[in-house]
Each structure stands twice: as structure tokens, then as C-alpha cells.
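The chain contents come next:
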Amino acid sequence: MTAIAEMVRKWFGKGDDGDSKNIAKDRLRLVLVHDRSMLPPETLDALRSELIEVVSRYFEVDNATLSMDVQRTRESWALMVNLPLRRARSAS
Amino acid sequence: MDGRAIVITSGKGGVGKTTVTANLGSVLAQNGCKVCMIDADIGLRNLDVVLGLENRIVYHLVDVIAGRCRLKQALIRDKRNENLYLLPASQSDDKNAVEPEQMRQLCQDLKKEFDYTLIDCPAGIEQGFRNAVAGANQAVIVTTPEVSAIRDADRIIGLLHAQQIETQLIINRLNAELVRRGDMLDQQDVIDILAIELLGIVPEDQGIVISTNKGNPAAFSEEYEASKAFWRIGRRLRGEIVPIPNFSENGSLWSRLGKKLSDTFRRTGL
Chain L
1 MTAIAEMVRK
11 WFGKGDDGDS
21 KNIAKDRLRL
31 VLVHDRSMLP
41 PETLDALRSE
51 LIEVVSRYFE
61 VDNATLSMDV
71 QRTRESWALM
81 VNLPLRRARS
91 AS
Chain V
1001 MDGRAIVITS
1011 GKGGVGKTTV
1021 TANLGSVLAQ
1031 NGCKVCMIDA
1041 DIGLRNLDVV
1051 LGLENRIVYH
1061 LVDVIAGRCR
1071 LKQALIRDKR
1081 NENLYLLPAS
1091 QSDDKNAVEP
1101 EQMRQLCQDL
1111 KKEFDYTLID
1121 CPAGIEQGFR
1131 NAVAGANQAV
1141 IVTTPEVSAI
1151 RDADRIIGLL
1161 HAQQIETQLI
1171 INRLNAELVR
1181 RGDMLDQQDV
1191 IDILAIELLG
1201 IVPEDQGIVI
1211 STNKGNPAAF
1221 SEEYEASKAF
1231 WRIGRRLRGE
1241 IVPIPNFSEN
1251 GSLWSRLGKK
1261 LSDTFRRTGL
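Line by line, the protein sequences are chains L and V. Sequential numbering of the first sequence, starting at 1, is according to the numbering used here. Sequential numbering of the second sequence, starting at 1001, is according to the numbering used here.
Extracted from the complex, chain L is given alone in its bound form (with noise of 0.2 Å):
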């Protein structure tokens, strides 16, 4: 029966390997989108000061606590912002 199964198994490469490559697929797809977010540091302070413009228009917000970070986990990456507010601008 073994022997069997063992002829089968060889016979349709099904086995120990037959699906490295997902791994691979799995792999590459984490790896690039970690170099692919890496970005230049002027590219960063852009960023940044972008991010306070937008946030300034409905907070009045403090430029110098902000903090900024890309974190990574196995299954994702973040962007981390922490920007701490005053208060809310008035409606008009």
C-alpha cells in the first residue's frame, strides 16, 4: 500500500515539495513592500510637513510633537502617526 502511495505520489510530484513557491510568493511580496516604502528623508520631511498642513486646517496643532514611524509586522506595514491636538478650529 505504501509502496503504492509512494509510486502515486512521485508519479504527480506531490509530496514533500510541490508548493514552494507560494512561499516564495508570500515572501517576496513582504520584502517589497518594505523596500519599496523606504523613502528618501526629504521625501519624509515632506511628508511631514504636509501631513501638519492638512491636520492644521481643522486643529490647531502643536509642529513640534509630532511623531512619525513605519512599523512592521508579519503581516503588514504601518505608517504611525502621532500628532497631539489643542483644540478643534472653529466651524468657520
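These are calculated hints, taken from the structure and not from any lab test. Note that CB positions come from ideal geometry on N, CA and C, so glycine has one too. Incorrect hints may appear among the rest.
Simulated restraints, written as ranges between beta carbons of each label pair [as the list claims (entries may be wrong)]:
(1) V:Q1091 - L:S20: 19 to 27 Å
(2) V:R1068 - L:S20: 47 to 55 Å
(3) V:E1099 - L:P41: 34 to 42 Å
(4) V:N1213 - L:M68: 53 to 61 Å
(5) L:R36 - V:V1209: 34 to 42 Å
(6) L:N63 - V:D1094: 14 to 22 Å
(7) L:L39 - V:D1094: 27 to 35 Å
We have chain L; now place chain V onto it with these hints.
Just chain V now, with coordinates in the frame of chain L:
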């Protein structure tokens, strides 16, 4: 008449840039185009040995740039095809012996004479890469279906897009058996990941090793699968629409079973 300058690049070393350059040059020349191949890998020249022209070098790229000889004196005419020329790299200088602006001028001059100027780019993303791409109108990225090569290709594609150079991809050394088994990324996987136009696929082929041993590019013989792939790629480069064979097709259960059985019988001598 102004020809096209195409840089063949990859980021990672050893994926087949030089082989692709030599074979595409050979195909285009046999199609009647006038072709000049530049070995831009200064200090580590190799295109000359792949082409079997290593004994005919008198002057090289750096001699031309430094004005020690005229461009025509440095060009080596191929012994198999009179449309095919090589501008070899220097083996003694380093990459800094040439500036991007000088390469741009050189490519301008060559484009007046040749339909195709193929630039064999060195590995890496430093000065040698910047020189090799400086004069190019378009780029052919070579990758193998492996994580390291694809990652580097992605980096190179980003750099070329920033310079507004049009890019196309050649997947080299695809092993159809591994793809069928699910142990190698197939063409669709690679295109999905890199998001780039596919120019062609070259299957893994012992013929490449044999022809490189002899210094006679595979594209000069017809018996190899890889040569057929290079001929198809040459026609696509010239604007023809040539279908790309699908190497990842599984076939039906019965045809696979039949093939496996006949393989087994052949192996066991039944």
C-alpha cells in the same frame, strides 16, 4: 536614421545579462539589423568571451572615451555575422573611468550608425549602472524566477522609472518541470509581483552552457529551446506580435499521467 539604445540590466549578478545581450545581438543581426553591443562592465569584461571574440580586442570602451583611439578602431566585427559588432570593456580600469555624460554621447554616436545598440550593464546599482543606463532609451530587465533576483529587479525597475526609461522583462532560466510541480514561480507570479511588461521567457537549457563553452551564442544554432526563445524575443523587440508560450500549463490529468508512465517506463527500461 536614429537607432535604439537598449540597456540589459538586472541588479543581481549571474542571472544572465551577458548571455541575453549576446543572444539578442546575434538574433537581431541575423534578422538584418545592424547591431553594436557595448560591454559596460568595466574591469570585469565578459561579453567578449561569451561571443568568442576575446582574441580580437585591440582597443576598448575606455580607450574610446579617453580619446586614445577612434570609435571605429575599437569596434570588433563579429566573425559569424557582418551586421554584429562588439565594443569591449577595459579589463584594467575601474567603473569611475567613465562618466554618464560620456556614455550618453557614445550612445548618440552609435545610434547614428546602428539600428540597435545593446548595453550589457554590470551588476549593482552604483556608478557602473548609472553609466550603462545613461545613454539608453529603453531597458530590458533580466531576472530568474527566484526571490533574490526578483527583489533586485524590483529595485532596478524603481530606479529606471524614476529616470523615465521604459522597461520590459525577460524571465531567464525558467524550469518548466519545477513550475509544473509548484516549486518555481511561474511567469504570471513574476509579472504580478513586478507589475511590468513581459518581453519573453527563456527556458533553462543546457544548450546555453554548451554554446558559452564554445564562445558561439546559442542563437546561432537552431537546435536549442533557448535559441527559439531568443528568436521570438528578437521579433518582439522589432515590434512583431509573437505569442509567449505558457510554461506553467499543467495539462490534463490523463496527459500528465501518460507522460509520467512513459517517463517511468523509459527510466526502468520497460
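Legend entry - Indices of hints not satisfied (ascending): 1, 3 and 6
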